[in-house]
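K.L.:
Fit chain U to the supplied structure of chain V, relying on the hints for placement.
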Amino acid sequence: MTMTRGQIGSVRGYTIYQIGLHWLIAVLVFAQLIFGESMTEAIEAAEEGESVSALEGNLADMHYYFGIAILALVVVRLVLRLKNGVPPPPPETSGAIELAGRVSHWLFYALLVTVPVTGLLGFYYGDPYGEWHTYAKPVFIGLIALHVAASLYHQFWRKDELLMRMLKPE
Amino acid sequence: MSRLSHSEIHMVHRIGWLRAAVLGANDGLVSTASLVVGVAAAGSGRTEILVAGLAGLVAGAMSMAAGEYVSVSSQSDTEQADLARETRELKDTPEAELDELTGIYVGRGLDEDLARQVAVQLTQKDALGAHARDELGISETVTARPIQAAVVSAMTFAAGAVIPLIVASAAPAAQISAIVAGTTLIGLMALGGLGASVGGAGVVKGAIRVTFWGALAMAATAAVGWVFGVAA
Chain V
1 MTMTRGQIGS VRGYTIYQIG LHWLIAVLVF AQLIFGESMT EAIEAAEEGE SVSALEGNLA
61 DMHYYFGIAI LALVVVRLVL RLKNGVPPPP PETSGAIELA GRVSHWLFYA LLVTVPVTGL
121 LGFYYGDPYG EWHTYAKPVF IGLIALHVAA SLYHQFWRKD ELLMRMLKPE
Chain U
1 MSRLSHSEIH MVHRIGWLRA AVLGANDGLV STASLVVGVA AAGSGRTEIL VAGLAGLVAG
61 AMSMAAGEYV SVSSQSDTEQ ADLARETREL KDTPEAELDE LTGIYVGRGL DEDLARQVAV
121 QLTQKDALGA HARDELGISE TVTARPIQAA VVSAMTFAAG AVIPLIVASA APAAQISAIV
181 AGTTLIGLMA LGGLGASVGG AGVVKGAIRV TFWGALAMAA TAAVGWVFGV AA
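So the protein sequences, as listed, match chains V and U. The letter at position 90 of the first sequence is residue 90 when you use my numbering, and the numbering goes up by one with no holes. The letter at position 178 of the second sequence is residue 178 when you use my numbering, and the numbering goes up by one with no holes.
No wet-lab data here; the hints were simulated from the structure. C-beta atoms are modelled at their ideal positions from N, C-alpha and C, and glycine is treated no differently. Fair warning: there could be bad hints in the mix.
[Claimed, not checked] Here are some chain V residues pointing at chain U (derived, C-beta under 10 Å):
| # | residue |
| --- | --- |
| 1 | I25 |
| 2 | V27 |
| 3 | G36 |
| 4 | I141 |
| 5 | E170 |
Next up, chain V with everything else stripped away, as it sits in the complex:
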């Protein structure tokens, strides 16, 4: 029963929980990307035995907790995805485009799990996890740019209302 609902083609849109989680995680990820350097600063200062400003310290704390929050939320999101499924690609989507969409979405999930995990490992055990964690930033920015460009292309060039699926619940 759950499986048939989970299969592509059996649902018309995202639920309000899926939409809410998408945007909440998006906001948290933006905050992580923007203020992530504060964690680097704080760790480097700690290694040198120096201290950072209160602002920098608070932002580093925020980076730590936001990362844990993202990891927890993405687990909920994956569970919802397996339970509720996702709407099918818009009609007349070519095989290549559909594949690109699927690959990039699963790449997002992979990053949303591995980046917080390497961050936590780096925080407690240092390199190489910490170093791996810092590579995530350009990859994330590139993938987000692709994701945004693709959604705008669908919404405004193809005019298939794809963007609206992530704004209006099923």
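P.N.:
This is chain U only, laid out in the frame that chain V set:
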């Protein structure tokens, strides 16, 4: 016939929405990039620049939402009041209202008899609709939705504003101003071109116009940051 006119109205509606989105993103991009460039020019560190930029994003998005909410709801209030008055007039003085409608069609070029005939027939079908459309200029599809307008404005502003913040967070610390300014100008060209092409205007002209004002805004805040940064 009704299908065709409906899809045309729908189109206009969507283009209006897209133009609003482009303008919102444009505002967010220019104001946040200017803020970042100004704070960077004052010699602040990356973290201070980013905090100022994020505060600017939130302030701008909230102010856009508030402004849009107030503007759309007051427009809606005015429309409701106009419609209420029109309903009353149609009930109290139907003859005068018929004359008024006839006068409007005469003004648009129909002769007296035909205008009267049109007015009578439209009044029979939907008197309030005819007056709303031709006397007040209110059509059903443009019914105001203030909350939706507020949320869309805030989101499009934030979408534009996040670009300079991401760039500032990724750029080498010494070159934040230059890289943010450069990427912002490229973004403005794209948005200006998109906005113009959506509105059916010349793409190059639209891009140049938006880019010019963006460059001016960043130059002005950079000057402020530089003057006060040196003074401080």
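K.L.:
State for each hint whether it applies.
P.N.:
Tested hints:
1. I25: V:I25 check fails; min Cβ-Cβ to chain U is 14 Å, beyond 10 Å.
2. V27: The hint holds - V:V27 has a Cβ within 10 Å of chain U, the shortest such distance being about 9 Å.
3. G36: holds (7 Å)
4. I141: At about 6 Å, which falls below the 10 Å cut-off, the nearest Cβ of chain U leaves the hint on V:I141 intact, so it holds.
5. E170: violated (18 Å)
Violated hints, in rising order: 1, 5; the structure is consistent with all others.
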